[in-house]
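Engineer: Residue-level listing of the chains:
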Amino acid sequence: MAKQNNTVSSSGTVAVPVKNYKTPKSASERISDKIYWFFRCIIVLNVVVIFLPQLNPARLSEMINKNLSLFSCGVSYSSVIANCGRALRMGWVSEDNFRMLSLFSAFIVLGAVLAAAGGCMSLGNNKLKKRGLLFTAAGGALELGSLFGLYQVYLQFKQSQRPERVLPMLPDTYLLFIILGGALLLLSVLNFILVPKGKKGDVISIEPKFQLFLMMLPVIALAFVFSYLPLYGWRYAFFDYKSGETLSMDKFIGFKWFTSLFQNNATKKDIIRVMQNTLAMSGLGILTSWIPLAFAVFLSEIKNMRFRRFVQTFTTIPNFISWVLVYAIAIAIFSTDGFINTFINSLGGSSDTNYLMSSSHVWLKMLAWGTWKGVGWSAIIYIAAISGIDQNLYEAATVDGAGRFQKMRYITIPDLIPTYCVLLLMSIANILSNGMEQYLVFSNAMNMSDIQVLDLYVYNLGIENGLIPLSTVIGMVKSIISVILLFSANGISKLVRGESIV
Amino acid sequence: MEKNNQMSRTALREEKKYFREHKTVMKLSGSDIIFSILNYTFFALFTLSCLFPFYYIFINTISDPELVTKGAITLIPRQLTIDNYINMGKVDDLWTSVFITSLRTVIGTSLMVFTSALAGYLVTKNEMWNKKFWYRFLVITMYFNTGLIPWYLNMAMLGITDSFASYIIPAIVAPYNIILVKTYIESIPSEIEESAYIDGASYWMIFRKIIWPLSKPILATIAIFGAVGHWNSLQDSLILNQNSPELYTLQHRLYIYLNQSSNLGALVSSGTSGADSASIAGIINTKIIQYTISMVTIIPILCVYPFMQRYFEKGLMLGAVKG
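Chains as they are written, first to last, in my numbering: chain A, 598 to 1099; chain B, 58 to 380.
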């Protein structure tokens, strides 16, 4: 029995019958293991560079869009010739050249994919490693060959009828790709010599730990590309950049945008206004964060189960509709020809106030909409917690003569406080992030100065007005402050409750 | 014996009497009645406020447009007609948006659910190479946000702006859902998995034959939340695909219609493409356009709502148990 328990590891997952891989390794194998780590880094790098527009070796003519990466060049031919329509029509350059360019780009991408597949296989046993090396060698060779092909296209561009219009160029990164492709080929060959030949009858296999890792790899790659790679965009904060241009080192201006936040009077005024709005709306949200709790407590006082169920069902609906729809509802009810005005008019009054266009009480109105949308939903977690309270406690309290409010005060609410504290700490950590959609849809010329929160300000500045660096700076500062707040909240939680919230 | 019996009977009677009195006292307490009335009234009113707007928009879309323009429809529909819906059906923009939004909801949700299930299973395996590190690598993305502009620039750099891929690919990996699935899978008895190992099943086989079927409840939960998220999403359409009107989502389309009329007063006179097709369809009243599109946008949510309901608490409670 005890032996059986041993097969289950401490965290409750199953221990896998693992083969003993610890056969002594030869010297060449140990060297190749070291080389492999370097090799895998090159393979990863080789995949990453094909997605970066600045490093596109296929931009052989200045007519080709500078925001195209090698990958886009290979995948979509139409984007390659997007700006070259005139040159092709006038016959300055043959279209075949562009076709070849796109084809060779596609081959380089294919080479990178092959190399990546080989890199994955390198995590297996010796037999699989050898096969993987064939892949990486093929990938490297394909890349070198295609790069040579690209050079031929470059020569063709040079010999075109109007080189001064076609503007042929050989990007500096061409050399980088030659180095990468060469390294792939060279290291493949080297490893092929070093990796010992597997015994006869060996089957291809990968250690379980690497099997699991390889299954996880696509998820990791996606998370990297969409959550970590944006950090690369922070560099715009240090450049004098206008949308549509490319970045170059001579536009590097250091921390000028950061200081301009405090020196430029107009910006300073804006920021102060925006911070007021942000903190006011978050602050109001935090001040009213007890409302869902009260909602749940009072709802649980309703003894008619049917009615309670009914309320619970329909008060959650607003949470599932978008802010745009909430705005549509606001228009239907509060606009000039909305329900309120129509209703007053049908009773014989005369009213045509547009409640949405006024700039009065914007903060409170936004708070009210937020509460209307969210309260039913936020209350669910408390309702679930209340239904988990031991009923005996209430019975005992009744016997002791406790009234309704005393039971609430001494049984229900103390039970909900821990949950409430966690949510409160989270909302304090998120004090700068109000989200954008609510304020975007409700904003108009009348209320803009009161409704513009930080997120909306960044959107208006960056997307609407194209001030990329300044909005990046603001977003950057916000992200850093948010992380600090989150860790502080977590620290407080650990200190007070002995439990972390993240 | 006789005496004893008598005594217990007296006691019983007294007890009954006490309870009867006590009950009447509770029933008659004035403050309790007032509390109940107030409580019921409040919840009834609040529920009404959540329901009435939808009802109001709905009756306006099925009433005669003339009456709607005059503002004669307040509480009950009059002169029922479905012309508004038929007319809106002629607006091509709307149908493109409905199609795009439905497509992204179906594809995006399926991919997200599959990925969350697989990743949720994998992060329960301690044997994985550097499991802790990779798990943290995923979880950190929930708390750290680089900001709107770097996000946009990144998408532009990757070349997926102004394409349908921008709706799907970035939303595939959802760390929060991965944590939900992980927590659920950890609650499945490990003996089931163990026996499969002994029978020689691979990880993939175990995932497909054991984990996937057993974690269906949580997968249904995240599927519903994911689908609602896709259906309601505005930001990616607004920012990433601003130059491709054929890719606008339904929410974006609704947003445009709402803004056009509230800013310009009259949609018809504005002369934009949306206005053209709307006026071609013979719809004169901006209000009706807004109401009808709102209904089109909201009906799918209301349709899946009854099915969603039972998953609420499950999803939320698991969410409270952090990873």
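Everything labelled a hint here was simulated from the structure, so no lab data went into it. All values reported here derive from a predicted model rather than from experimental measurement. There could be a bad hint or two in this list.
List of simulated lysine-lysine pairs, BS3-like, C-alpha gap at most 30 Å [what the hints assert, rightly or not]: (1) A/Lys839 to A/Lys806; (2) B/Lys188 to B/Lys266; (3) B/Lys147 to A/Lys806; (4) B/Lys189 to A/Lys1091; (5) A/Lys797 to A/Lys622; (6) B/Lys127 to B/Lys189; (7) B/Lys188 to A/Lys806; (8) B/Lys189 to A/Lys622; (9) B/Lys188 to A/Lys724; (10) A/Lys806 to B/Lys189.
One-sided and incomplete, this derived list gives chain A residues near chain B with beta-carbon spacing under 10 Å [stated by the list, open to error]: (11) Phe745; (12) Lys900; (13) Arg903; (14) Phe911; (15) Val972; (16) Tyr991.
We put the CB at the ideal spot given by N, CA and C, even for glycine.
Engineer: Work down the list of hints and note, for each, if the structure agrees.
Structural biologist: Against the structure, the hints come out as follows:
1. Distance restraint check for lysine 839 of chain A and lysine 806 of chain A: the Cα-Cα separation of roughly 47 Å exceeds the 30 Å cut-off, and the hinted pair is therefore not satisfied.
2. For the proposed pair lysine 188 of chain B and lysine 266 of chain B, the alpha carbon gap of about 23 Å is at most 30 Å, so the pair holds.
3. The hinted pair formed by lysine 147 of chain B and lysine 806 of chain A fails the criterion: a straight-line CA distance of about 57 Å is larger than 30 Å.
4. Restraint check for lysine 189 of chain B and lysine 1091 of chain A: the C-alpha separation of about 21 Å stays at or below 30 Å, so the hint holds.
5. Note on lysine 797 of chain A and lysine 622 of chain A: the hinted pairing holds, with a Cα-Cα distance of about 18 Å set against a maximum of 30 Å.
6. Of the supplied pair hints, the one linking lysine 127 of chain B and lysine 189 of chain B is violated, its CA atoms being roughly 65 Å apart against a limit of 30 Å.
7. Our distance criterion of 30 Å between C-alpha atoms is met by lysine 188 of chain B and lysine 806 of chain A, whose separation comes to about 9 Å.
8. A hinted pair counts as satisfied when its Cα atoms are at most 30 Å apart, and lysine 189 of chain B with lysine 622 of chain A qualifies at roughly 28 Å.
9. Between lysine 188 of chain B and lysine 724 of chain A the alpha-carbon distance is near 26 Å, which keeps this suggested pair within the 30 Å criterion.
10. Using a Cα cut-off of 30 Å, the hinted pair lysine 806 of chain A and lysine 189 of chain B holds, with the two alpha carbons roughly 12 Å apart.
11. Because the closest C-beta pair between phenylalanine 745 of chain A and chain B is about 26 Å apart, greater than 10 Å, the hint is violated.
12. About 9 Å separates the beta-carbon of lysine 900 of chain A from the nearest beta-carbon of chain B, less than 10 Å, and the hint is met.
13. For arginine 903 of chain A, the shortest C-beta to C-beta distance to chain B is roughly 12 Å, which exceeds 10 Å, and the interface hint is violated.
14. Interface restraint check for phenylalanine 911 of chain A: the shortest CB-CB distance to chain B comes to about 5 Å, inside 10 Å, so the restraint holds.
15. A distance limit of 10 Å between C-beta atoms decides the matter here; for valine 972 of chain A the minimum to chain B is near 8 Å, and the interface restraint holds.
16. At a threshold of 10 Å, the smallest CB-CB gap from tyrosine 991 of chain A to chain B is about 14 Å, leaving the interface hint violated.
Of the numbered hints stated above, those contradicted by the structure are hints 1, 3, 6, 11, 13 and 16, listed in ascending order.
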